[in-house]
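Student: Next come the chains, spelled out residue by residue.
There are 6 protein chains.
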Amino acid sequence: MTDIVTFGETMLRLSPPRGERLERTRTLDVHPGGAESNVAVTASRLGADAVWLSKLPDSPLGRRVVSELRSHGVRTGVAWADPEATRMGTYYVEHGGAPRGTNVVYDRSDAAVTTATPSELPGGAVRNADLFYTSGITPALSPTLAETTASLLETATAADTTTAFDLNYRSKLWTPEEAGETYRSLLPDVDVLVGAERDIATCLGREGDPADVARDLAEEYGFETVVVTLSSEGSLAYHDGELHEQGVYESETFDAIGTGDAFVGGFLAKRLDGGEVPESLAYGAAAASLKRTVDGDLAVVTAAEVDAVVEEDAGGISR
Amino acid sequence: MTDIVTFGETMLRLSPPRGERLERTRTLDVHPGGAESNVAVTASRLGADAVWLSKLPDSPLGRRVVSELRSHGVRTGVAWADPEATRMGTYYVEHGGAPRGTNVVYDRSDAAVTTATPSELPGGAVRNADLFYTSGITPALSPTLAETTASLLETATAADTTTAFDLNYRSKLWTPEEAGETYRSLLPDVDVLVGAERDIATCLGREGDPADVARDLAEEYGFETVVVTLSSEGSLAYHDGELHEQGVYESETFDAIGTGDAFVGGFLAKRLDGGEVPESLAYGAAAASLKRTVDGDLAVVTAAEVDAVVEEDAGGISR
Amino acid sequence: MTDIVTFGETMLRLSPPRGERLERTRTLDVHPGGAESNVAVTASRLGADAVWLSKLPDSPLGRRVVSELRSHGVRTGVAWADPEATRMGTYYVEHGGAPRGTNVVYDRSDAAVTTATPSELPGGAVRNADLFYTSGITPALSPTLAETTASLLETATAADTTTAFDLNYRSKLWTPEEAGETYRSLLPDVDVLVGAERDIATCLGREGDPADVARDLAEEYGFETVVVTLSSEGSLAYHDGELHEQGVYESETFDAIGTGDAFVGGFLAKRLDGGEVPESLAYGAAAASLKRTVDGDLAVVTAAEVDAVVEEDAGGISR
Amino acid sequence: MTDIVTFGETMLRLSPPRGERLERTRTLDVHPGGAESNVAVTASRLGADAVWLSKLPDSPLGRRVVSELRSHGVRTGVAWADPEATRMGTYYVEHGGAPRGTNVVYDRSDAAVTTATPSELPGGAVRNADLFYTSGITPALSPTLAETTASLLETATAADTTTAFDLNYRSKLWTPEEAGETYRSLLPDVDVLVGAERDIATCLGREGDPADVARDLAEEYGFETVVVTLSSEGSLAYHDGELHEQGVYESETFDAIGTGDAFVGGFLAKRLDGGEVPESLAYGAAAASLKRTVDGDLAVVTAAEVDAVVEEDAGGISR
Amino acid sequence: MTDIVTFGETMLRLSPPRGERLERTRTLDVHPGGAESNVAVTASRLGADAVWLSKLPDSPLGRRVVSELRSHGVRTGVAWADPEATRMGTYYVEHGGAPRGTNVVYDRSDAAVTTATPSELPGGAVRNADLFYTSGITPALSPTLAETTASLLETATAADTTTAFDLNYRSKLWTPEEAGETYRSLLPDVDVLVGAERDIATCLGREGDPADVARDLAEEYGFETVVVTLSSEGSLAYHDGELHEQGVYESETFDAIGTGDAFVGGFLAKRLDGGEVPESLAYGAAAASLKRTVDGDLAVVTAAEVDAVVEEDAGGISR
Amino acid sequence: MTDIVTFGETMLRLSPPRGERLERTRTLDVHPGGAESNVAVTASRLGADAVWLSKLPDSPLGRRVVSELRSHGVRTGVAWADPEATRMGTYYVEHGGAPRGTNVVYDRSDAAVTTATPSELPGGAVRNADLFYTSGITPALSPTLAETTASLLETATAADTTTAFDLNYRSKLWTPEEAGETYRSLLPDVDVLVGAERDIATCLGREGDPADVARDLAEEYGFETVVVTLSSEGSLAYHDGELHEQGVYESETFDAIGTGDAFVGGFLAKRLDGGEVPESLAYGAAAASLKRTVDGDLAVVTAAEVDAVVEEDAGGISR
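Residue numbers (UniProt numbering), protein chains in the order written: chain A, 1 to 319; chain B, 1 to 319; chain C, 1 to 319; chain D, 1 to 319; chain E, 1 to 319; chain F, 1 to 319.
Read the hints as simulated data drawn from the structure, not as lab findings.
Not one of these hints is a red herring.
The list treats identical chains as interchangeable, and a pair is accepted whether it falls inside one copy or across any two copies.
Dumping the calculated SDA-like pairs for lysine to any residue here, alpha-carbon to alpha-carbon at most 20 Å:
1) Lys172 / Asp110
2) Lys172 / Asp58
3) Lys172 / Ala196
Predicted model, so just to flag it, every value in this text is computed and none were measured.
The following block holds chain A by itself, in its conformation from the complex (with noise of 0.2 Å):
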C-alpha cells in the first residue's frame, strides 16, 4: 500500500554559479525539479511511502531525474518516451540579491511529460494509494496533460483515494481566465485544496480575509480541507469548520525555490502518518524552512530536524 503518489513535470534546473550571469557563465549546476516530484520527495524523507509518476525521454537525461528522485527513496512509475521524437523539459535559473533578484529562463515546452496519457500510467498505484496529488502546472502544459490530470482525479475519487491539488498558477504557461476554467473543472474531484492567496484570487476570482475565502471554498466545492498561503505570513487552513493559523519559522535563505513544496509535502506526510491539520501545517512550514538552507528544489531534511524545528519554535506563529 502506498501512502501517497504525485503527477507531474520534473525538469532538469540548470544554474551558474552565485554571482554569476548566465549570459557568460561556463559551469551550470544540474538539480531536478517539479512541483509534484518536489512533494514526493518531501513526503519521502519524512516517512512516506511515496510514487511519482510521469513520463521522461528514454535518454541519461530522463535517467537523470529518476535516478535523483529514486535517492531519496521515491519510487517511480515513468512512461519512457522516444529521446528521438520528445524533449526532456529544462529550465535556467540565475540566483541574484537585490535588486536582480532571482530570474528564471523556462525551456519546458515539447517536453515528453506532455504527450503523458493515462494509459501509459499505472492506474493502479493512484488506486492503491492513500492519497493522490497534482498541481495546476500540469494540466497547463498541454491539453493531453489537462486531459490526462482530470483522469487521474476521477480515478483516484473513483477509488476513494484521497485528493490533493495544489493551484500553483503559472503565468508563463496559461492566462487566468484558461487556469480558471480547468480549475474549476477539476475541483470537484479535489478533497484537498492548496493555493497561495494571490493565486485564488487571481485565477479563481475570490479575494478578501483569506479565512473567509477558504471556508467559502470549502462549503461551495465541498472540500476535506483548505490550505491557504500566505507568503511571508505563513499560512491558514479550514477543515472540519474550524480555521487554523500557522506563521513561517524564520530561515536564512540559501535556496528559496521549492519551499511551497516542501511546505505542502511536509503537510500531507504528517496528516498521512495521523497527524492533525494544525500539527500538519507547523510540520510543513518547518520543512519548509529547512528547505530554504538547502541548494537545489527539493527538501534534502530529515524527520528529526523538522520535528527539532517545530519543538524548539512553538511560538513561531508570526500573526
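Given chain A, put chains B, C, D, E and F in place with the hints provided.
Tutor: Using the frame of chain A, we list chains B, C, D, E and F on its own:
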C-alpha cells in the same frame, strides 16, 4: 569589406566533467558550438574579418552565444526572436574513453534559428563579403531554413561572393535521400565544396578513389575547388585541374569535437589571405590538430601557433 | 521476487583530484564503494531486481550510502546502528600514474557492519531471492561477520537460493592461512565460486593451469560454476563439465577500482536473465571494460552499452 | 560614428575564493578590470557604441583582456607591445567580511600601458566620437601617460568631442599634491567632471557643501556638467545652472569593486542616448546597484534590468 | 627557547560545500583542526615560537596535519604511530543557516593520539618553553591521555613553565561529573585557567556573576589568571586581584569554528610578548573576530590585522 | 647543523585548468616554484635538514611562498622587502598536449629577489651547512644577484661548505655568451657541477660524448663531481675518476615542470646521507620520475616511494 560571412545554428553544448556521466552529473560545462560559427571563429582568430549570421532567442542564453563569438573577434548579425515563443538549441556531450566513446544527446528542435527567413538577415553582409559559408546542417533543420539557405547562396552568387559549402551530413536530422536531394539543389550555387568521403558516398552516391570522386564532382558541378576529408587519412583537394594531398598532424586529443570545422576555417582563412590550395590545406590541417588539444568546439588557437605546426612538421603528410 | 541479494560492507571512498596527493589535498571526492554493493548496482543497472543488505550508522554518512545505492535502483535492507557507538567505514584513494600507482589507505576498523548479526538482517530477503552473493571481504572484517556470513549462506542454501562467492582476498585484513581456513568452511554452501587466479593460489593453495584449477575445485566442492579471473588475461569458467574462456575488452582506464565487481555483477545479471555461461562471461567482461571509463567504484553503465561492446567486439578474446 | 571612446589601463584581477586568503589559496579567479574599460563595458551593454584604447603586451594575457571586452560588445584599439619588454598589469583582491574588509595588492608597475604614446593610438577614434572618457588613474601611471592623457584630451577638444573625466584619486600612485597639479592642468580640456566628494577635497582642496563645491567648480572651469559622488549618500550633479540629486538603490552586495565605474558608464550612456541629467543620474545609480550583485569588476547587466530598477524604485532617492 | 608548547589531538575536518548536505555531497573540503593546534597556529602567526606535540598515524593523513601546521610556522613534535594499528581522527561539519544550524559528526574514536604516553613525547620541549597549553578535550579522549595530560602538566610545573588550560567541555566525550573530577585533579598544576561560563557551571558547579566566579576560582586554586568567556558577551579576566572586561569585535561570520581557540591563541601570544592582561584580552578578541571571516578552524590572520582591529575599534567593548 | 642551504628565486606559478587556454581562462591554479626551492623541498622531504634563502615582498604573495615551503619542512631565511617598492615574481604556465606543447609566460622582472645582497641574507646559514646549492638562473636575474651569488659561493668555499651548481641556462634571461662568462667566473668556487648536455654545449662550448665532456670539465675546474643530464637518456656522473650512468624510470607524466630539480634534490639528499654517486644518481632519477606524476613544480614524494622505485626497477637503466 568583410572577408567571410557564415550562416547557421549555434547551440549551447553542455557536458559533464571527465569521468562523470550525464545520468548522474551535478555540473555541466557550457561551450557554444555550431559548424558555421566554429568556422567563423577559426577564420577570425587566424586573421580574417568574419561575420556570423543567425537567429537567437532574445534571452541570456542567446546572448551567451553572441558574447562568446564576439570574444573571438567575430561580428554577429543576429535576428533576435521572442524568447517565450522560441528556444535556444542545446546539446549534451559526454566524453568517454573507449569502449564507451563520446555520446551526444541533441535538444535542438524548434530552435529560434529554424524560423530564420532571408528578410530577417542582413543580406548586404553576404553581398559585401569575399566568401559566404554554410553547411549541410543548416537546410536540414527546417523547411524554412532550407529555403533561407538556398536564398542566401543565390544572393551570394548573384553578388559574385564566393560560396563554400560543407556537406556535414547528420543522420539524426534527415535521411541520406532527403539530404542528397537538397544538396543537389544547392550545389549549382556552390564554388568550394567540402565533404567527408563518407558523406559524399552516403548522400551523393559517389564512391571509389577519393581523388576520382573529387575530380568528377568538380567537373560535373563546375566547382572551383573540391576538398574531400578522409578522417585520419587527412584530406585532398581538386582545384584548377590539379590534385593536392594533405596528411594530418599528430596531436594529443583533449576534445575532438569541432576538428572538422577548424580544418575548414583554417583552409578558408588561408585561401582568403591569398594562399594557394596546398598551403591552405596544410594550414587547415594544422588548425585542426591544435583544436584537438583544447576543450570545447572552438579552435582557440593563434596564427603563430598554426604556422609553427606547419613549419615544424612539414613532412606531416601521412600518405 | 528478488533476483539477487548481496551482503557486505560499503564504505565512503575519499579521493583527491588527479595529480594531487592526499598529504596536501584540500578537497576529497566522495564515492560509496564496496564489493557487494558494487555487484548489486551493476546487476540492478543491467536489469536485475537487486537488494543490498548491511548495517550502517544512523547518520548522514550512512544515509549517503543508501542514497547512492537507491539512485541506481538497488533496494536496501539496512540495520541502522547507533552513530555514537559505531562508525562509517571509509577509505582514501590516491590515483597516481606509474611509477607511483594507486595508493589506498583504509580506515574501516570498527565500522557498524562489523557488528551485524543474522537476526538484524532480513533473512526473508535471502530466502526469497534467486541468488545470494557475498565476498571474502565480509567474513574477514570481524568474527561476528564471519559467523553472519556463514549463517546467511546456510539460510540461502536451505532455501534453494543459489549462492555466489568471490574470494576477494585482502591481505590487510587477514593472513592467507586465516582466509583459507574460513573460505574452506564456507565453500560447501557456495554454488558459484569466483576467484582471482592469485587469490586461489595464495589462500587455497591451488596453482598451475587455471583451467585445471577450476575443474579441480568444481569437482572437489561440487560447485555449479567456477569462474577464475586472470587480470589482463581475461577469465575462464568451468561449468557443467565444460571450460569457457573470455578475454578482456580494451578500454581507456579512468578509474580501475571496481572493475572486478562490475565483471561479477555483469556475469550474474546475465545468468539471472537466462544467459548461458559464455555469453555471461562476455557480458561481465564488457561491463568491466565500461566501468573503467567511469569515475568511482560503481559501474554506471546501461545494458545497451554493454550489449554494444559485446556485439561490436565479438572478437575481443585475447587468448 | 562612435558614441564613446575611453582610454586607460585594464589589469587582470586575481582573487581567491570567498573565505580563503591570498596567503594560502590554491586557485585564483581571473577578471579583467580597469576604470576606463569598466565604463566602456557598461556603456556598451546599455546600448552605446563603445571603443576602448590602450596598450597591452602581445601575449595570452593581453589577449585575455581584449577577449573579455569584445564579449561585451566593446571594440578595442590596442597598441600591442613586445611581451618580453613589458608586462601585463595585475592586481590581487581578497574579499573579506568585516572586520577584515577587502584587501588589494597591486602589481601594476611597468605595465605596457605606461609607455603608450599618442602616435601609437588611433587618434581618429577620439576625433570621430561623441564623447571621450578617461580618469585620473591614467596620468598617474607614468609621465608618458600623463602626457598622452593631456594630448588625447586636447585632440578631443579640438575635434569638438565632448570630454568626461573622473578624478579617481589613487593614493598608492601619487600624492594629493601631484594629483592636484595634474588635474588642474587637464581640467581646462574637460567638459564633464566626475569626482568623489573626498577626492575633490583631497586633491583640489574644495570642501564644504557638495552642491556648492559642484557649482563653484563648474563656474571656475566652465564645465558643462559636474557630478559629485557621495558614497552611500548617492550623487548630485550641477548642470546648466541647476542642481540635481540622486540617491542610491539598495542592493545585496556580492562584489563592490567597479560600482563607481558602473555609475559613470550608466550616466554617460543615458546622456549619449539623449537623456536629461536627472534621468541619467538615476540610470547610473541603477547600473551601480545592479553591478554590486555580480562577481568581477564589470557591470554585466542589461538595459532592461536598469530600466526596471529605475521604474520600480522611483522613490529610491535617499536624501 | 620556545614560547609556547601545546599538546592535543588534531583531526581532519571534512565539510561539504555551502548549501550542500553531507547526505548527498560529492566533495568534501579538508581542514585540519584541533583546539591545541589551533592555539599554536594563532600564537605562531602572531609572533610566538610555537611547538605542537601529538601522536599521529604515519600515513599521508597524518602528514597532512603536520604539513598544514608547519605552513603556519608551527614546529611539530609528533610520535608517529603504525598506520595499520591506529587511525586518523576525523570529523564532518555541515554548515547550515538557521534553523538548521551547524551539524558535526565526530569520527575520532581510537585515533592514534589516544595512545600517546609521556615517554613518546619530547618532554624537553615542555621544560624549555615559557608556556604549556592543553585543553579539557585531551584528557577526555582516553584514560591514557588523561594520564599523559597530568604528567605533562606536572612536568611543566616542575620546570617553572607556565601552564594554561581551557576547560573545553565536550558532552559527546564524557559526562559533566567525569569531566569535573578530572578537571579538579589537573587544576592544581594550572596557572592560567580559561573556561566558558557554561563549562564552569556545568562541570565545576560554579554559577552566578562571572566576575565572582573568576575571583573565587582564582583564590581557591591559586591561579595566576582566570579568563571566563561569555560567548557573544565577550570575556573577562581576573588577574592579580583585578578584574578586566572585554567585549567582542563585530564580524561577518564565514566560519565560526575555532573562534574560541583564536581568542586563546591571541591572548596567550600577547601575554608571552609582554602584554598586560587587558590588552591581551583585546588582542584575543580581535584575533577571534578575524578568524570568523576565514574558512576552516585556523585563524589565518596577521599581527598587523589584529592590531588594526584593536586600534580601529577601541570602543568595541559591548558591556 | 643544516644539511643543505639553497639560494634563489621562487615565483608563483599560475596555470589554467587542463584543456583551457590562458587567453580565456577564468581560474588559475597557484603553485610556488623555483629551481632552488624545488631542490630544497625534494631534499627536505627525503630526509635532509634544508634551508632556503631568498628575498620576498612582505605581502600575502610573499608569505604564500614561505607557507608552502615550510609545509614541506624547509626552513626559510627570507629578507622581507617593501611590498610597495618590489614585486613578487610570477609565471604563467599553459599545459597543452602535442602539437601545442607547454607554454610559459614569465612575469618576473623587478622581483624583490633581484635586489638581494649578501648582507641581507644569513651568511651563517651557508657557513654552517654541509652543502650550498644555487643555479645559473640566480645570477641571470640581475647584476646585484650575480654579485650575491658569487659572494655566497665564496662564503661557502671559505667555510668548507660543499657547493653545488646547476647551469640551468634560461635563454629568456641572457645570451649564451653572457651566461658562459658568468658561469666561468663562478665555477672555481663550485664543487659539484650539474648541467644539461645542451646547456654545457650552448654556454660552455663543450660538445661531443657527454662522458668526455664530464671528465674534461672535472679535470679543468677540479670539480669533485660532474653530473650531466641527458633528457630522456638519463644522466651520467664523473666522480673520483670514475664514470657512472643512470637511465630514467618510466612514468606517466602529469606535470613535467620541476623534474630536473627533483633529480638534483634526490641526488644531493642521498649524497648528504652518505650515499655513493651511483646510488645517488638512481635516487635522483627515481625522485624525478615520481615528480612527473604530481601537479605543480614540487616533488611531493616520500623517501619510501623513492626507495620503492629504485628497488622495483633496478634494471631501469635505458642505455
